Amino acid sequence: MLLHQLMENLGTASFAISGALAALNKRLDVFGVLVLTFATAVGGGTVRDIMIGNTPVAWMKDQQAITVVFVSYLITLFFRKYLQFFPRTLAIFDAIGLGFATVVGLQRGLEAGLSPSVCVALGMVTGCFGGVLRDVLLNEIPLVFRKDIYASASLLGGALYFVFASWEMAAPWAATLSVMVVVGVRLAAMQWKWDLPSPK
Amino acid sequence: MLLHQLMENLGTASFAISGALAALNKRLDVFGVLVLTFATAVGGGTVRDIMIGNTPVAWMKDQQAITVVFVSYLITLFFRKYLQFFPRTLAIFDAIGLGFATVVGLQRGLEAGLSPSVCVALGMVTGCFGGVLRDVLLNEIPLVFRKDIYASASLLGGALYFVFASWEMAAPWAATLSVMVVVGVRLAAMQWKWDLPSPK
Amino acid sequence: MLLHQLMENLGTASFAISGALAALNKRLDVFGVLVLTFATAVGGGTVRDIMIGNTPVAWMKDQQAITVVFVSYLITLFFRKYLQFFPRTLAIFDAIGLGFATVVGLQRGLEAGLSPSVCVALGMVTGCFGGVLRDVLLNEIPLVFRKDIYASASLLGGALYFVFASWEMAAPWAATLSVMVVVGVRLAAMQWKWDLPSPK
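Residue numbers (our numbering), protein chains in the order written: chain A, 53 to 252; chain B, 53 to 252; chain C, 53 to 252.
The following block holds chain A by itself, in its conformation from the complex:
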């Protein structure tokens, strides 16, 4: 339960920072940045909870999430100069958010008694939707559709969770490993420019 909470907060913070950085790059005002930070951070989980019927959605019942988003917003705002020394910062936080959100989404699906393939899809939706919302609101083609391994990293990590579980690995270990797979595959794909084939 504590690990679950920690993972959810880390995922929220990573997405929040990625949303704030993207909004800062687009020169929104301080309040626009806050709205976009919030939408990116809680977008995926909100859609997940709505589709499961787990309402009021998570961030409404949980002051912690709002606090995490707000603190992440302030940190990004004050330390953006340092963050800009690392040109891939946005992509790295986005990858970490994707990893945590995938596994948290998948576990919420399990709690709701859904089948493994649906849980993997739900993890992908949780992982991808915040970023899709961020990109659509900033009037860009969603990152998830540019030729790149993104949603497929989430899908792979989600599927491996069930492989790990079938080996009777304890849930916290399976979860941690799955997060690492998602983040690792996503970052490796960026580093070495892995592509999926595009049918001609």
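Where hints are given, some of them may not hold.
If chains are identical, the list can't say which one is meant, so a pair holds when it fits in one copy or spans any two.
Claimed, not checked - Below, in silico cross-link-like pairs of lysine-lysine (DSS-like), each with a Cα-Cα straight-line distance of 30 Å or less:
#, residue 1, residue 2
1, K245, K78
2, K133, K245
3, K245, K113
Treat the hints as calculated values from the structure; they're not laboratory data. For clarity, every value in this text was computed on a predicted model and none was experimentally measured.
Got chain A sorted already, so can you dock chains B and C onto it with the hints?
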């Protein structure tokens, strides 16, 4: 119940194929095509179920829908060369999807005890939202807003369902006729370029 | 209860007119204008109800809302020539809609037992989402993100509601004052071009 299931699957498959074809035209990679196929196929029904409060939403409780989407995806991928000989293929599948989704959405509204006018609106949302999502994600102006008979075909078919029902027509017949009206009006509008007036 | 209903209907009508005017400016056909009117008018409340789990969503259980939208649509269609003499008409109706929707959203949150800060956020979502939907569907950058006081007016009015309540002001008075704050701040910001700072 069987007819209901059949109609829902035919609508899902038609929308899935229309989503896959649109994504192939935009040269997304194989995984991007899969995501778009899925979003187009289940988008309308997902929004419908969420608004009624029928959660977890249909495709989560129903392995069949996921199978239909995946098979439609594979078929489109492998037979795209043949499908391309028919330049209007995308529009035809979209029209068929619109017809089935309209009537299935409307019937779900009836099951939820909603009033006829709300059921007609719900049928329209079910029919239109998958396509809107497809177009927004591909960064195009939704087909439904281009000057053309589209949502209005859904509305007409939905309204006629209640006319047919008031004639004491059996539900399966009213449903079949309504689907035919939607598909027929939509295809005729495309063929003969019917337009609604635009206020100046 | 009566005041609540009145406020909800006034907000719905204001947003409906703003949606219809925006669609007319983009030269959509009569049916496209209707769809956009509807989406703008009920979009925010729909997202609010879905996130709280208050389903079927308000407009489905309430013939009144559909009637208000339809009458607003007809009024805008027939009197658009007169409305065009007032170049800021769209923005003024949008501001009024924002005010009412903020307070109605906030009160629905209170009824659902949510905390004050979540209620303020919910008021903002209710107030902003219809307009975001209008702008996204018309392929424009949401008004809420252009450099301008918009969502922040909603947030201020929402926060003041709880200040007024803490002074033991009766709910109808607190609500009326909050609506006036939102509308006033929004209109003043437009008039004197108030801006929030944008971090460099």
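Hints numbered earlier in the text: which of these fail when held up against the supplied structure? 3
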